[in-house]
Amino acid sequence: MANTLQTPPQTSAKAERLEAPPAAKRFAFLTDRKLSFLFISPALALLVFLSIWPLLWLLGLSFTDYSATRDTGWGFIGVDNYVEVLTSPVVHARALTTLIFVLGAVGLQTILGFTIAFLISRRVKGRGAITTLFLIPMMLSPIVVGLFWKFMLDVQFGVVNSFLDSLGFGRVEWLTQQRLALFSLVIVDTWQWTPFIMLIALAGLTAVPKYLYEAAEIDRASEWFKFRRITFPLVWPLLLIAIMFRAIEAFRLFDLVYILTGGGPGGTTETLSFNVYKVAFFGFDTGLASAYGILMVIVVTIAAQFYLRYLNRLQEG
Amino acid sequence: MKGRFAVSASLTAMAAAVTLAACGGDDGGSGGDADKAPAKQAASALSDKPMDLTFIWFDWPPAKALEELGKEYTKTRPNVTVKVNTVPNPQWHDAIFTQFAARKTNFDLPILDSQNIGEAVDNGSILDLTDFVKENIDTSQYDPYFLAAYGQYPQNTTGKADPDAKTYGLPLLGDTWSMIWRKDLMGDTPPATWEDMIAAAKKCQDENKGMSGLAFHQAGTGDAAAVTYNVMNALYGGELWNQQDKKIDGVINDAAGKKAMDVLVNQMVPLTPKGSSNWFIDEVNAAISQGKVCVGFQWIAAMGGLLDPASSELGKTKEEILDKLAFAPLPKQVTDKKPLGGMGLHVSKYIPAEKQAEALNFIKWFQTPEAQKKWAQLGGVPARNDVLNSPDFLEATPYNKVFTDSVSQLKDFWNLPEYAKLLNVHSTQVNAAISGTQQPEAALDKLAKDEQKILDESGGL
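Residue numbers (our numbering), protein chains in the order written: chain A, 38 to 354; chain B, 16 to 476.
Okay, chain B solo, but in the shape it has when bound:
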């Protein structure tokens, strides 16, 4: 027994010693080469050595289009091969940020959601592009909201670009939701208001046995259900938070927020297919393509497959499908706001200077009108005004015009370092309301309370 005690005591002492050693293991700084090679210097250090320029994104058609676009870049820089590594959408954030945590990345250009910039900047993981942008990019060609949303941090309260704000990225892919409706069943004219849309969808469902009125993102994973609620909240005049006073509780769950949740859960969810509370991008596309729904809502960048006869039951050719489907910006209600989607181009701080230089050169090239036009042809959604309004872009797909028409009405999430935690609460609670696990008002109040707690605990906002 005495011996056992001695062994235990030794182990405890050893554990304590190692624990202290472990606690003392703070590496303090970060950035590796990054701090020594700011963007301005990096831009002038292009190398002629063969190299891969690697992006990381989630697995969807624009990722393939970006790799295809990379071949155009190789024509200008023959020593560079562009690669796009993809992960499933739910692992996208983790795949990038776990590498940031290791202070070493196997990608050069992380494609971050607009809301992730705060977290990446706070961690010191992406390059400050302020000087590079000032010297190399004609920012007048962009809607100021895009520059603020996809690149600046802290994001301006108004959502507009702040000329004094620091820039950490530039737009890669613009995006918003499009309404897709069955014009063969509902007529050619899109509903004027959101409530008209719900009524039309219900009528279509009642008149067409086996069909459901609506399909939209409801899953509790990623930002699926969260964006859906944000759309509703914005349309009914609600706000996500009061950025000035750092208040969420009492703002998101005010009368407008509650009305939005009520419409979502009590009027829209009953019109969706049974068991669709875990639906995201692929399921909504499948339901529309298989002719199971009258009206669907989808990110424009994810709609490419809807016109593919190989995966559609709506027609044997693209023309036949287009005889049945039509596309329009979201109907307005109290406001005409639309959700901002898309992502920005950023540069990892944890890569060698020559790679940073090449990444910046790619960004510079990518923002040229020629590259942007090619991007649009490949299925990307560009962000430059001149390209967005060009016939090349507007006529490339039947839904590109939806994005151009929506640009001035876009509205984003909060862009804070605590975004991932806030999103987790947001998606979980909205999904709880949608799936009937919680009463809508109780879910909204819990969401507001929990998010306020995260915001309060975050300190130095």
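Extracted from the complex, chain A is given alone in its bound form:
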């Protein structure tokens, strides 16, 4: 048996100095900090070049009367562009249209997306195939979706109206009647983006621990009770994140308006993004359009901040 009770040496052995191999010595100046900076610098440079610099450039232009096509240079005009955007009745009208669209589309998508996810999550057989099928609209380009629906909703030549007509309901002016045109945009956007909400809701639903349901069943809880007290509270924070992403996307809706209604009838389906496009490219009021864009970014950022704070409180609570 080995003697394990040896007396420790009185003087500590001289620590062996670690020597880097010759190749590594050459890069001794590369400290961990420098190395990490080196690794992230290409991505950082790309980000600065593609996102931050244009944003700052945009900010600079927003204080000028610059026009991209005019040969007259630019002049500093302070906050005139911001005042013009904020006091314009046209912008107010477009903001209202955008708000109605965002509330309508995102609300409808949330209800439908969650419902579909809930139904799919309860069905085990073919869940993967059904989920994949539901995801198809989301994978299509919005321009393709717009053209596809434009043909379908056409009053004279569209398949939707032919079907309605054959059922005796008559033809509906989906894209040319003021209220219906905005409603049609909501429907088309909902068709395309409900799967996004569904996908996130499904992830949340499948992550709910089974033992909670088992415990509830032991207590003979009803289905409604289980949904109200277990399913919904656990999925809701995840759903709120999906809603935020969708709301930001819906807020900058452009492509569907451009293809489906062109902003008509009489400009009543023009959203803020569509209006910015007109300011920027009809007459090239670049400075004004820059201020308009900056204001939109500010609105979205502030709204998102409030939303995230609510989300944090919800998670902490």
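Hints were generated in silico from the structure; no laboratory data involved. This one's a predicted model, so the numbers in the text were calculated from it and none came from an experiment. One thing to keep in mind: the hints can contain errors.
Stated by the list, open to error - To give an idea of the chain B side of the interface with chain A (calculated C-beta under 7 angstroms), a few residues:
#1 94
#2 104
#3 106
#4 109
#5 110
#6 115
#7 119
#8 235
#9 236
#10 292
#11 435
#12 443
#13 446
#14 450
#15 454
#16 457
Said to hold, decoys possible - Using 25 angstroms as the maximum straight-line C-alpha spacing, the simulated DSS-like pairs for lysine-lysine come out as follows:
#17 307/B to 217/B
#18 187/A to 289/B
#19 187/A to 274/B
#20 261/B to 426/B
#21 274/B to 468/B
Yeah, the Cβ is synthetic: ideal placement off N, Cα and C, and Gly gets one too.
Chain A is already provided as a structure; the job is to place chain B on it using the hints.
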């Protein structure tokens, strides 16, 4: 917290610095090689190197015809291939002017709407052709109005060519609206007046179940609804503006303008197919070809497909279709004005001198009677008087004569740098009236007020 403040402060300082830098980024001049190579010099600098001569236009049959015509040009200049890039009509203006904004174009000859010349000239983006035209083109062969509308800026108040005005383009394609009517249902004689036409269309609609009386451009995009209102306004004796006093408000919405809007919204729109307030060129052609309407109005250059049996339900041959359709100039009312359509040929300032020289050479070639005749055969609408009145042109299609007969009565939009902004208001408000989103008179008053504001803010007109 202190650290966060420091980061915020640094970011703010950096943003301010970059903003100042951004504001200081004015490139000042423009034109690139353009200013160094005016048209006169460019014309004498033809190169024998292989090159593409590229046009930009919107996607419609004349664009294909132009590329076909380019093959004729290649016979005279074998090193040159003519290409015509096309974009959808609503993107036409943006596609050209965003490249002008970048001071670099991937096209050599932009085909501009007559109303866009002002904007392009104001931006310094197209070549001044004044000297080139004086030396190389026989302008006596053109109706002076064409030279003024398709090429000169500032456009003469009278609409006639001003010998002292600067020239920035020459006519490529002349155009106006033609009335197309179902002679098998309405008789061979075209209605004498606009109001007779409306009455005849209503009668035809009432007598033929499932058919609508009228089809015309109503969309709020492009210049669709805007041209429709301008037609009505001109026919009832109205004016778009008073160019001398720079007045729109009080001019376009005077009694004649209001009468025109009233006729358009209250008499014509009820005769159109349901849901047609977003119709433009293609939809009107489709409605006529499918036999859904009694009377249609269309740009002549866009009517080629109407006689194509493959896309028509009116007959299995061209002759069968022509047994049913007839074409005539627009009926008169208080005046006999017709809308000027078509476009001019221009040269980008942002291309190398050798390309500018080739572009000018193409323009010179294009204006020869031979090229113009070939252009007419391919479906283009030429602008030279001798070609317009030649049997070759008049007999090439059943509707070419409509253009020749209309030439002396043509009337254009405003040609101002602010055209795109004015057009946006014009189209949106007319479409609002047509679609019932606004009362006709309120829409016209808003149109006048908003356009006046744009004009007033534009300054140095």
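Going down the list of hints, with the structure as the test:
1. 94: For residue 94/B, the interface hint is violated, since the closest Cβ of chain A sits about 33 angstroms away, which is over 7 angstroms.
2. 104: Nearest chain A Cβ about 11 angstroms off; hint violated.
3. 106: 10 angstroms, violated
4. 109: Hint holds; residue 109/B Cβ to chain A Cβ min 5 angstroms, cut 7 angstroms.
5. 110: 10 angstroms, violated
6. 115: 5 angstroms, holds
7. 119: 13 angstroms, violated
8. 235: Because about 4 angstroms separates residue 235/B from the closest Cβ in chain A, which is inside the 7 angstroms limit, the hint holds.
9. 236: 4 angstroms, holds
10. 292: 4 angstroms, holds
11. 435: Check passed: Cβ of residue 435/B comes within 4 angstroms of chain A, closer than 7 angstroms.
12. 443: 5 angstroms, holds
13. 446: Constraint on residue 446/B satisfied, holds at 5 angstroms.
14. 450: This hint holds: residue 450/B lies near chain A, its Cβ roughly 3 angstroms from the closest one there, short of 7 angstroms.
15. 454: Violated - the Cβ of residue 454/B stays beyond 7 angstroms from chain A, reaching only about 11 angstroms at its closest.
16. 457: Constraint on residue 457/B not satisfied, violated at 11 angstroms.
17. 307/B to 217/B: 13 angstroms, holds
18. 187/A to 289/B: 16 angstroms, holds
19. 187/A to 274/B: Given pair residue 187/A, residue 274/B is violated - Cα atoms ~34 angstroms apart, limit 25 angstroms.
20. 261/B to 426/B: Since the Cα atoms of residue 261/B and residue 426/B sit roughly 18 angstroms apart, the hinted pair holds (cutoff 25 angstroms).
21. 274/B to 468/B: 23 angstroms, holds
Checked against the numbered hints given earlier, this structure breaks hints 1, 2, 3, 5, 7, 15, 16 and 19; the rest are met.
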